[in-house]
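S.K.: Sequence lines, in order, name chains A and B.
Sequential numbering of the first sequence, starting at 2, is according to the numbering used here.
Sequential numbering of the second sequence, starting at 2, is according to the numbering used here.
Hint data in this document are derived by calculation from the structure and do not stem from the laboratory.
This structure is a prediction, so every number in the text was calculated from the model and none was measured.
Here a beta-carbon is modelled for each residue, glycine too, at the ideal position from N, C-alpha and C.
Warning: the hint list may mix true and false statements.
[Claimed, not checked] Counterexamples of contact, computed for chain B against chain A with all Cβ distances above 10 angstroms:
| no. | residue |
| --- | --- |
| 1 | Pro89 |
| 2 | His146 |
| 3 | Arg149 |
| 4 | Pro163 |
| 5 | Ser182 |
| 6 | Asp184 |
| 7 | Asp195 |
| 8 | Met270 |
| 9 | Asp278 |
| 10 | Gln287 |
| 11 | Gln311 |
| 12 | Val313 |
[To be verified] Below, in silico cross-link-like pairs of lysine-lysine (PhoX-like), each with a Cα-Cα straight-line distance of 20 angstroms or less:
| no. | chain 1 | residue 1 | chain 2 | residue 2 |
| --- | --- | --- | --- | --- |
| 13 | A | Lys130 | A | Lys117 |
| 14 | B | Lys150 | B | Lys183 |
| 15 | B | Lys69 | A | Lys130 |
| 16 | A | Lys130 | B | Lys150 |
| 17 | B | Lys69 | B | Lys150 |
| 18 | B | Lys183 | B | Lys202 |
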Amino acid sequence: MTWNWEYTGEILPDLLSGLRYTVIATLVGYVIALILGLVWTLLRRTPYPAVNHAVRWVTEFIRSTPLIPQLYFVFFVLPSLGITLSPLTAGIITLGVHYSTYTAEVYRAGIADVPKGQWEACTALNLPKSRVWLDVILPQAVRRVIPTLGNYLIAMFKDSPMLFAINVAELLYAANRAGSVNGQFLEPMTMVGLLFVVVSVISSILVRRLERRYATH
Amino acid sequence: MPPTDTTPEAPTPDNAGAGGGSTPGDAPTTDESAPAAKGVSTHKDAAGEGEAAAALPHGAAPGIRFEKVVKRFGDNVVLRELDFTVEPGERVTLIGPSGSGKTTILRLLMTLETLNEGVIWIGDQTLWHMDRDGKRVPANQKHLHEMRKQVGMVFQQFNLFPNMNVLRNLTEGPVRVLGVSKDEAVERARSLLDLVGLADKINAHPTQLSGGQQQRVAIARALAMQPKVLLLDEVTSALDPELVVGVQDLLRDIARQSDLTLLCVTHEMAFAKDISDRVLMFDQGQIVEEGPPDQIFGEPSEQRTRDFLQAVLAS
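With the rest of the complex left out, here is chain A:
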C-alpha cells in the first residue's frame, strides 16, 4: 500500500467540493443552533408551567437521542407526513436542532451565572423586561459562554459526516465515492482526516480570538 500523489491530486477537487458542503452544513446548522437554543432557554423561563415543561421534555428527548436516527426520521419519515426536504436541508435542520438542545443548556448556565445583583439593579432602575434581557443579562451571559459555544461549533463540524447517512454530498460522502470508484481508500480517507484537522485548527484559533476579545471584560 503506497501513497499515490497523482491519485490524490485527481480526487482533491471532489473532496474540496464535499468540504464545501460540510462547511455550509456546519455553519448554517450552527446559526440555527445558536438562535434556537436561545429560544429554548427563554421559553423555559416563561411564567407558564405548561410551556416550561413541554420545552424541557422536548429538548431533553432530542438531546438524549443519537443524531443518525434523527436524520433518518427527518429525511425518511417526514415525507410520509407531507414534508419532503432535500438531503442537505434535512441534514442542516437536524444538525441545528440537535445542537440547539446543547446550546440551550449553555445559555441557561450563562444566564444563571449573571450575578443576582445585576437583576436587582435592573429592578431598581425600573428597566422594562425587554431591556433587562437585551441590554444587561444576555450580553453578560453570552460573553461568559463564548468559549463553550465555540467548542460546540467544532463539535458540530466533526459530527457533520453523519449527514453521509442521508446522502448529503459532504466530505465523507465525496471521499467514499472516490474510494469506491477507484478501489483505493487510503488517499481519500487520509485526506478527509487532514482536511478536518486543518479546518478544526483554523476554527479553534478563530474561537480563541473571539474569546480573548470578549471574555476579558
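Here the structure of chain A is known, so what remains is to put chain B in place on it, guided by the hints.
M.R.: The following block gives chain B in isolation, referenced to the frame of chain A:
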C-alpha cells in the same frame, strides 16, 4: 425575579385609570413632569447651593409608612407586624444587628422582595397594593413599575452593569424608562459625574474603577432616575477603609442639598450620626428604640441598643 411570578393579571386600561386616578394631585407631578420640572428648579436651587446641586432631585418627596408589615423567609419571620413612618424629606438611618430586618425593609421598598402581609405606603399610594373597584388588591407589574419610579437604591456591591461604560450606566435608565432624549440624558449624566467627582471617567468601564469610584457611579446612576426616595444599603461596607470617607462625604452633601427622603442602612455609626434626622434601632424585626442621633448614640434608653453600640464600637 419574584414580582414577575406574583403578578395577578395583566394590566388593563381600567386598572391604569384606577391606579393613576386614585391620587389626582400627587401622581402627575411626581411622575411625568419630573424631568421637565427639574429644569425649572435647577435655576432656583443653583443660586443658593452651587452648581453641583443642580443635578440633584428636588421637589416634594413622599413620606413612607409601614403598617403591620410582615416578611417571612420560609419559617423565618424577619419582620413581625412592623409599623413605622418616615416623614417626607426625612433622613432616617436603620441600625441593628445583622438579621434584624433592616435591609429587608429597603428591599421591600425597592420591590426586590415580595410583601407577605401589611401595607406599605409611599406618599398617599400603596406600594404593593392597588385600587380596583374600591377594593385593595395586590399590585400588578404596571403599578409596581409606576411606584418604583419614585424610589432609587444604592447597593452594597454597587451592581454597575459591567457590559456598559460609565456613561451608558447612567443613561440607560433615563432613556429606556423615563423616556428622556439621548442628549438630555448625556447632559444629566455629565452633571451627575461632576457632582460625584468622576467627570473624567465618563468613558471608563466599571471594571477599570476602584470600589469607591464604582460606588460613586452607582450613586450617580440612582440619582439619574430622579428618585424621590433614596435607599442606601450598607453602601460603604464593601469598600476599602481609605475609600469609605470619600463616599460618605459625597452622600452627606447629597443628603443636605436635596429634598430626598432617605433611608440608610449602615454599620458606620459616625456616618449615621452625621447624615440622619432620626435613627431607628432594630432587633428581631421590630424597632427597639428610636430618636434623634444624639440621643440614640449619646444616651440610649434601651439596654439592647447599648449592647449593640458597644459591640459595634468594639469591632
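S.K.: All hints, please: hold or fail.
M.R.: Hints, one by one, checked against the model:
With 10 angstroms as the threshold on Cβ separation, the claim that Pro89(B) sits away from chain A holds: the shortest Cβ distance comes to roughly 21 angstroms. Not every C-beta of chain A lies more than 10 angstroms from that of His146(B), the closest at about 6 angstroms, which undercuts listing it as non-interface. Against chain A, the non-interface label of Arg149(B) is violated: not every CB pair exceeds 10 angstroms, the least being about 5 angstroms. With a closest Cβ-Cβ approach of about 6 angstroms to chain A, Pro163(B) is found to fall inside the 10 angstroms limit, against its non-interface label.
Distance check on Ser182(B): its Cβ is at least 17 angstroms (rounded) from any Cβ of chain A, clearing the 10 angstroms threshold; non-interface status holds. With a minimum CB-CB distance of about 19 angstroms to chain A, Asp184(B) clears the 10 angstroms threshold, and the non-interface call stands. Against chain A, the non-interface label of Asp195(B) holds: every CB pair exceeds 10 angstroms, the least being about 21 angstroms. No beta-carbon of chain A comes within 10 angstroms of the beta-carbon of Met270(B); the shortest separation is about 26 angstroms.
Non-interface call for Asp278(B) relative to chain A: holds, since the shortest CB-CB distance, roughly 24 angstroms, exceeds 10 angstroms. Interface exclusion of Gln287(B) from chain A stands, the closest Cβ pair being 26 angstroms apart, more than 10 angstroms. At roughly 32 angstroms from the closest C-beta of chain A, the C-beta of Gln311(B) stays outside 10 angstroms, upholding its exclusion from the interface. The claim that Val313(B) lies off the interface holds: its Cβ sits roughly 25 angstroms from the closest Cβ of chain A, which is beyond the 10 angstroms cut-off.
A threshold of 20 angstroms between alpha carbons decides the hint, and for Lys130(A) with Lys117(A) the separation of about 15 angstroms falls inside it, so the pair holds. For the suggested pair Lys150(B) and Lys183(B), the alpha carbons sit about 19 angstroms apart, so the restraint of at most 20 angstroms is met. Proximity of Lys69(B) to Lys130(A) is assessed by CA-CA distance (about 31 angstroms); at most 20 angstroms being required, the pair is judged violated. As the CA atoms of Lys130(A) and Lys150(B) are separated by approximately 15 angstroms, the hinted pair is consistent with the 20 angstroms bound.
A hinted pair counts as satisfied when its Cα atoms are at most 20 angstroms apart, and Lys69(B) with Lys150(B) does not qualify at roughly 24 angstroms. Distance check on the hinted pair: Lys183(B) and Lys202(B) sit about 19 angstroms apart at the alpha-carbon level, within 20 angstroms; holds.
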